[in-house]
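Using our numbering, read the sequence shown as starting at 239 and increasing by one per residue.
Treat the hints as calculated values from the structure; they're not laboratory data.
Keep in mind that a hint or two might mislead.
Pair by pair, the computed Cβ-Cβ distance ranges are [unchecked claim]:
#	residue 1	residue 2	range
1	Q329	I360	46 to 56 Å
2	K451	F400	38 to 48 Å
3	P328	P352	54 to 64 Å
4	E284	F400	48 to 58 Å
5	Y386	I360	24 to 34 Å
6	F400	R285	50 to 60 Å
7	F398	L303	12 to 22 Å
8	F455	K356	18 to 28 Å
9	L461	Y422	16 to 26 Å
10	V381	T280	19 to 29 Å
We treat Cβ as the ideally placed atom computed from N, Cα and C, and that holds for glycine.
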Amino acid sequence: MKQITFLLLFLFYAGASWGQYYAYGGYEYSSFQSDELSAIITEFNEREGHNLGDLRALHGYRFGLGRYAERTNVSLGFGYFGRKISSVNPQLLKERVELEYSLISADASLGFRPLKSKFHSIGASLHMGQMRYRYSFGGDYLVPIKNYNIWGELYAELAFPFRFLLKKEQRDRLFYIFKIRPYYRAYRPFDLQALQQDFNFDQNVGFNEMTQKGGQFGLQLSLVVPFLSKEEQLRYSRSPKADKRTKLEKKVE
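Working from the sequences, and respecting the hints, build out all of it.
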């Protein structure tokens with residue numbers, strides 16, 4: 239029910255809002271902690287003589303399209319982030335073990351702009367995607383866990399326009415935006431029993447004993463490219479003459 243309500247609100251604001259369209263893309267970082275995964279890795283290392291570490295942090299990218307309205311910031315995006323860890327045991331014919339965790343998701347975001355003259359916003363996102371564990375013992379990858387899920391996100395976005403990457407003749411009317419977006423995502427719990435059985439041959443682990451749960455704090459750094467019409471170029475112009483001309487044109491209309 240919460241997901242349906244969020245989607246209805248998103249569609250309402252997306253249809254009612256007007257404003258500045260843009261494209262964005264950039265880097266994404268997320269902290270990661272799973273006591274259940276750490277227990278699986280520790281048991282495997284002790285039995286097999288390997289040295290697999292903890293994931294601890296995930297890295298990836300996210301890109302999409304959006305638009306700024308007077309009080310809202312609406313966007314649709316797609317992204318991937320994850321991490322792969324590996325270990326080599328020299329005593330077992332240099333056996334190499336690799337374990338990878340990744341998340342792929344599409345998201346819809348709706349933000350509120352507290353200041354009309356700034357591009358900062360606070361808001362929420364709904365993600366729909368796939369969480370996956372895969373591993374290899376030196377051969378092909380096996381995928382014991384592939385879980386399709388929906389999760390939510392709360393964020394605060396700082397946005398800073400800049401012009402120094404543009405040509406001199408473009409700096410008067412065009413600009414880019416650099417965004418810093420710290421966030422928190424809450425995930426539904428999912429079972430790691432299949433990974434435990436493959437790594438440690440343990441058939442006596444109950445569902446509730448190997449359930450990965452919790453959320454993640456993260457950070458997005460992205461570059462925004464606004465699609466500016468001629469009228470919008472005059473509106474955002476740093477030239478006093480252009481600003482004055484725009485105001486006169488509005489009065490005439």
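- Whether the CB-CB distance between F398 and L303 falls inside 12 to 22 Å: This hint holds: roughly 20 Å between Cβ atoms.
- Message: Given a hint of 19 to 29 Å, does the C-beta separation of V381 and T280 actually sit inside it?
- Response: Distance hint for V381, T280 holds at roughly 22 Å.
- Query: Does the Cβ distance between P328 and P352 fall inside 54 to 64 Å?
  - Reply: holds, 58 Å
- Quick one: are Q329 and I360 within 46 to 56 Å, going by C-beta? Given about 54 Å between the Cβ atoms, the range holds.
- For K451 and F400, compare the CB-CB distance with the range 38 to 48 Å and indicate the outcome. holds, 40 Å
- Task: Please test the hint of 18 to 28 Å on the beta carbon pair from F455 and K356.
- Result: holds, 24 Å
- Task: With 16 to 26 Å as the target window, see if L461 and Y422 comply at their CB atoms.
- Result: holds, 23 Å
- Using the beta carbons of E284 and F400, state whether their distance is inside 48 to 58 Å or not. Since E284 and F400 have Cβ atoms about 52 Å apart, the given range 48 to 58 Å holds.
- Take a look at whether the Cβ-Cβ distance between Y386 and I360 falls inside 24 to 34 Å. holds, 29 Å
- Message: Holds or violated: the 50 to 60 Å window for the beta-carbon distance between F400 and R285?
- Response: holds, 54 Å
Of the numbered hints given earlier, the model fails none.
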